[in-house]
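*Asks:* 855 is the number that the working numbering gives to position 97 of the sequence shown; each next residue is one higher, with no gaps.
Be a bit skeptical, because a hint or two may be false.
In silico DSS-like links for lysine-lysine, alpha-carbon gap of 25 angstroms or less [claimed, not checked]:
(1) K1037 x K947
(2) K907 x K1037
(3) K855 x K936
(4) K1126 x K1082
(5) K1039 x K936
(6) K795 x K855
(7) K1075 x K1037
(8) K947 x K992
(9) K1039 x K907
(10) K991 x K1037
(11) K936 x K991
(12) K855 x K1126
(13) K855 x K907
(14) K855 x K791
(15) K947 x K991
(16) K1126 x K1075
(17) K992 x K1039
(18) K947 x K1039
(19) K793 x K855
(20) K1037 x K936
(21) K947 x K936
It is worth saying that the hints were derived from the structure and are not from the lab.
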Amino acid sequence: MTSPLYAAIDLGSNSFHMLIVREVDGAVQTVAKIKRKVRLAAGLGEDNQLDEAAMMRGWQCLSLFAEQLQDISPPNVVIVATATLRQAVNREQFIGKAERILNHPIQVISGDQEAQIIYRGVACTSSGRGQRLVIDIGGASTELIIGEKNRTLLLNSLHMGCVTWLNRHFNLSEPLTKEQFNHAITAAKAILSPYLSSYRRLGWQSCIGASGTIQAVQEIMLAQQLGEPMTLKKLYQLRNQVLACGQLEQLQLNGLSADRTPVFPSGLAILIALFEELKIKQMSLAGGALREGLVYGLLSQQSSSSVRTQTAQSFQKRHRIDAKHAQLVCDYALQLAAQVTPGLDHHERQMLRYSAMFHEVGLNIEFKRAPEHAAYIIDHSDLPGFSLEQKHLISAILLNQRDSWQLIPLKRQRAVTYSRALMLTRILRIAIILSMRRSQHQCLSINLLQQIDNPNHWTLNMPPGWLDDYPLRSAELQLEQQNQPEADLTLEINELIA
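Please put together the full structure from these sequences, using the hints given.
*Replies:* Structure follows, in structure tokens:
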């Protein structure tokens, strides 16, 4: 039997990558690696608007990737976007068309999430003992992580990369000078400065570098027989070779590929700054990074789920959420979810579950504006195991957990379609009302019906005598009847005959 294929696509600031693998006898086998230089960050203006030319380069690249995805099961595909699309204020324009081209959703991941995934990719593909410092210089961000085995201990995503540093500190038409290099190195050190003490204090036993710039340095060193471990002395040698070329347009180094040439000096300047400030003695090249981390995440769904569960439990404890009551809300929500048409998929059920688990986090601040506080806390919390888009979805749902509807956040989130986000929110609102008796930890059986010709009309059939036995919840459901039309929804409440 043929093993299923898995695909990970990384919409980076310098390059777009696609990695396709399959699992054979417990090992991961690479089937294809496709890379295109898009230099998306070069099209990001000072106002954080992504220009049309950069978007066109990206869409053209994704049109090539789309063909390969046609033979891969949708659950086995993960697509993420990094620093440039995190910053671009018009990213929705790019992502909307990109998703239509690929016929798959795209997650814009946070810098911390990117660092987490990079470390997982390094940990799964690179050997090393003790604590490891992992460095990944991208097109618009640089990730610094200290971890041990499969666990991250410290991570940060810094706003500097080989494309952004090219735009700020180098010019194609001007001579390459030592002053340019020094300015670029000094600027990188200024970005790094606030984080130095925490990295030095924690320390590491080995240093591993990942991705484009560091891979390019490795290839040059091998081609020039300089030896494999990277050292500051060797980086200085490469800087001198770059300066000797005179101009960026004339840059040619033995071992440097043509597509890496324009961004190599800027990436090298950042790498020198890191070596000097962090007192790195030597660095080895990682066997994998972001894309490999994404793939191993797909191949280890149980592990990913465990991370989310641990995050949720820690989050509940940290914010003093009543876990027993949250579970009752979750039980009601999942009972209703099991009856909707079309049914919820695994991802949607998980998002509903965690929305129920987190829904009272805003009470830590105050009751009146608890939904707003809950949405803010979710949006601004580090939640390992949850993507940025998943956080936006949960935030939008919690903002709408009671009272009047605020539909714009539900429309803006990209984890699920708007109609599905509306359904998840609707389910949670009803589940919260049904769970108002905090001392009663038993989920009553509720029958939900949808009209075939109008799926937005729901009928709740309550157990016999329920409306008289629970007058407060009955009254709250009636108020919910009045609120649902704000979202073009209708709700009917009936009582079954004994």
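*Asks:* Each hint should be assessed against the structure and marked as holding or not.
*Replies:* To see whether the hints hold, each was checked on the structure:
no.	hint	result
1	K1037 x K947	holds (12 angstroms)
2	K907 x K1037	holds (23 angstroms)
3	K855 x K936	violated (43 angstroms)
4	K1126 x K1082	holds (22 angstroms)
5	K1039 x K936	holds (23 angstroms)
6	K795 x K855	holds (19 angstroms)
7	K1075 x K1037	violated (39 angstroms)
8	K947 x K992	holds (19 angstroms)
9	K1039 x K907	holds (21 angstroms)
10	K991 x K1037	holds (12 angstroms)
11	K936 x K991	holds (16 angstroms)
12	K855 x K1126	violated (40 angstroms)
13	K855 x K907	violated (39 angstroms)
14	K855 x K791	holds (23 angstroms)
15	K947 x K991	holds (18 angstroms)
16	K1126 x K1075	holds (22 angstroms)
17	K992 x K1039	holds (11 angstroms)
18	K947 x K1039	holds (17 angstroms)
19	K793 x K855	holds (20 angstroms)
20	K1037 x K936	holds (22 angstroms)
21	K947 x K936	holds (16 angstroms)
Checked against the numbered hints given earlier, the structure breaks hints 3, 7, 12, 13 and satisfies all the rest.
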